[in-house]
Amino acid sequence: MTSRDDSAQASPVESALDQAVRVHGGALVGYLPFGFPSLDASVEAAVALAKNGVDVLELGLPYSDPVMDGAVIQRATTVALANGFSIADAFSAMKEITAEISIPALIMTYWNPVLAYGVERFADDLVASGGAGLITPDLIPDEGSNWIDVATARDLDHVFLAAPSSTDSRLDQSIQASRGFVYAVSTMGITGTRSDVDSAAHSLVARLRDRGAAHIGVGLGISTADQVREVLSYADGAIVGSALVSALETGGISAVTDKALELASGKPIHA
Amino acid sequence: MLLREQTGPYFGEFGGRFVPESLIAALDELASAYALAKNDPTFTAELAHLHATYTGRPSIITEVPRFGAHAGGARVFLKREDLNHTGSHKINNVLGQALLARRLGKNRLIAETGAGQHGVATATAAALFGMECVVYMGEVDTQRQALNVARMRLLGAEVVPVTHGSRTLKDAINEALRDWVTNVDHTHYLLGTVAGPHPFPEMVRDFHKIIGEEARAQMLETVGRLPDAVAACVGGGSNAIGIFHAFLDDTSVDLIGFEAAGRGVDTPEHAATLTRGRPGVLHGARSYMLQDADGQTMESHSISAGLDYPGVGPEHSWLKDLGRAQYRPITDEAAMDALRLLSRTEGIIPAIETAHALAGVLELGRERGPESIILVNLSGRGDKDMETAGKYFGLIDAPGNE
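Protein sequences, first through last, are from chains A and B.
The first sequence begins at 54 in our numbering and counts up one residue at a time.
The second sequence begins at 122 in our numbering and counts up one residue at a time.
Just so you know, these hints were derived from the structure itself, not from any lab.
The beta-carbon is built from N, C-alpha and C at its ideal position, and this holds for glycine as well.
Be aware that one or more of the hints could be misleading.
Partial pick of chain A residues on the chain B-facing surface, computed with a CB cut under 8 Å [claimed, not checked]:
| # | residue |
| --- | --- |
| 1 | I140 |
| 2 | W164 |
| 3 | R223 |
| 4 | V238 |
| 5 | M241 |
| 6 | A253 |
| 7 | T303 |
| 8 | H323 |
The task is simple: from the sequences and hints, build the whole structure.
Below you can see the structure in the form of structure tokens.
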């Protein structure tokens, strides 16, 4: 559904990406988890990102078994869970955040919390809190038809992943299943900062473009303004997580604000 | 259709593949390679040769009348997987998957382990085939199973203690999955139980179903009929599926899995997934699991590291919901009593995991009486558990007390 020939009206995330590409040459997508270092501070940090160069927010729902996440994000979400984070907290935080910001905010969540909460109930509460949709790292389109139906009925985005190892037919499936953007994982691995963003990212994005993907975000391993610039030379969005979480962990709100501004300076066009 | 013929990816509403897209290509590759191999006479002959000359198959059955006297006088037969090379049933699956890894040109094996039995078996296969081996083990388990850590290292494997989460088996699986996502081009994840994403539940079951096939024939030969009940312990469920499978369509045979009740299923400290859990997604498959209202995985507890897991293989969830198999909880205490009882009545020291099935057999025999015949999978031997058992029963003299 994020394919180029789709004549349906763009979703808020798609519009935000289009706008950022037009004005800045690409979008910065910033990730932080709910509940770290505390629920209130996570709201404050998310709002700070939105006001300092981030174009789309990706807010992580802490989960006990995060197989796609490296040490930095695991450490943060473990703190959130130890502090008693609950799914209801995610929606109350989302409501506070979306009241303060003018950019769209997605939730990144592993699938079991959604199943346990109830897929429709989760979607209803997401709509009520002003959230734009979900990124689901361990839900492949093959298992996602119910979620796609539920999301479509509520006009929510549903972002699926594409990997360097994906076959062409699986890329097609991911493009067809996604609304908002296709999340291209830059490398075979998990979240965390890396000195080089894999060349595999460039060729994956080229393959997705050839197959008609209109909106593509690249994530995993991006942590510097130079890497943002490099990724935005071929993708619509550069997704940064661990580097922001790390800044928040070590230097609080002011450090994560500085990091967002630094990353945003990597956008190709400065008005 | 016969229950025996059920294949993945779904067992009823259970199973599937809930993993990052990055792993799908490897799972597809594995599924295709396995589909070819299982019908390839060269592959099946290679595996059969290894079982005959290395594992020590077929494993024998042993009737245990002195133990049976405590089980209501029932005739009890042990399927002696403890006599396999490396001391448990785990080697059946490991050799099968290691052969497949070699076919796929993958020279690095990674594995998770709880009690260490699967880790030892994987390290053994890696040594046999000249492959690199990394075993992820929860830090808590490296402490309570220190002997198996030493065995793996002696065999040339690297053992990585996992220090986050509950620091047990579930966290070792998370870490192995993270390694696999990163190194999938040259690495095979040798998953040790009938859980995980398709094709693992079906493939691991197939490598273990030899247990039940042999035992079924051995029972017919020895007593001239099928047993009334087949029992096994259930953590992830590999030894249980292995012995149940050949009997799935024998409606006269009751199949009973015994899971770890820890300090009791009415306490928070148990690992009784099928007794107290509800369906959810964990480690790549939909199955029963222990979770809170928000779907966060709950920490399990069992004195047995190999059963200390908050999930279970999807085929067991299916068999439970079908009513074809029953699952009952056994406490730490009942398991340890059964461990000592088998040791003292028959001179066979079982693994603590296996002792849960033996405690179950004591219940079953008392319910069914002396006319009944019960077959139990003696899935592993207790050598690795001597420290735990020594402390539990006060068998180790304190220094200076001699």
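Outcome of the hint check:
no.	hint	in the structure
1	I140	holds (5 Å)
2	W164	holds (5 Å)
3	R223	holds (6 Å)
4	V238	holds (6 Å)
5	M241	holds (6 Å)
6	A253	violated (11 Å)
7	T303	violated (19 Å)
8	H323	violated (34 Å)
Of the numbered hints stated above, those contradicted by the structure are hints 6, 7, 8, listed in ascending order.
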